Amino acid sequence: MNICVFLSAADLADRYTEPARQFGELLGKGGHALVWGGSDTGLMKVVADGAQETGGRLVGVSVGFLAAKARAGADEMVIAKDLAERKRLLLEKADAVVIMVGGTGTLDEATEILELKKHGHTDKPVALLNTAGFYDGLKEQFRRMEDEGFLPRPLTELVFFAEEPVGALAYLEESLGIR
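Heads up, the sequence shown is in the numbering used here, so the first residue is 12 and it goes up one at a time.
Don't read these hints as lab results, they were simulated from the structure. Computed from a predicted structure; not experimentally measured. Certain hints may be false.
Calculated lysine-lysine pairs in the DSS-like style (CA-CA distance at most 30 Å, straight line) [claimed, not checked]:
1) Lys80 - Lys135
2) Lys40 - Lys56
3) Lys129 - Lys80
4) Lys150 - Lys128
5) Lys129 - Lys150
Input sequences plus hints: build the corresponding full structure.
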């Protein structure tokens, strides 16, 4: 399975880096490929290290203005012309998506895949890894959107909230009939 991971490229505290590394290691041990933003910095580096060290393939999609930070030694690296093309390519290459901690770029990527699912333009499973309660507020907002009629589909059809890396991967594998 090709698993796209949306996450930050920032250097962050251990409470965020350890789960990212764990997810990368689980992904690699499971024989899956990591599809990610291609950066060799911060959390992006951590998840890629974990995946590569345990046998996972690395499929990066960077963007021109960040190409200098692209990871050397990835199995595949594409340089997109802009962020819109980058998102499109990441999703095209993925069978499933995991949303990890991140900033505005991660939030943009997350809402795009959820919007596509909401309108039936993709059926790829999406797991949101709520590391250290990072997305508690977003989860509450999504529930309010559902409760007040802003979502035409149940929230559970759009995204699975996982508290631990193993739960996120198990959900994706189960959704795609793997294992």
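Now for the hints, and whether the structure bears them out:
1. Between the alpha carbons of Lys80 and Lys135 the distance comes to roughly 28 Å, so the proposed pair stays at or under 30 Å and holds.
2. Distance check on the hinted pair: Lys40 and Lys56 sit about 17 Å apart at the alpha-carbon level, within 30 Å; holds.
3. At roughly 33 Å between alpha-carbon atoms, Lys129 and Lys80 are farther apart than 30 Å, so this suggested pair is violated.
4. In summary, the hint linking Lys150 to Lys128 is supported, as the alpha carbons are separated by about 17 Å, within the 30 Å threshold.
5. Distance restraint check for Lys129 and Lys150: the Cα-Cα separation of roughly 16 Å lies within the 30 Å cut-off, and the hinted pair is therefore satisfied.
Against the hints set out earlier in the document, a violation occurs for number 3 only.
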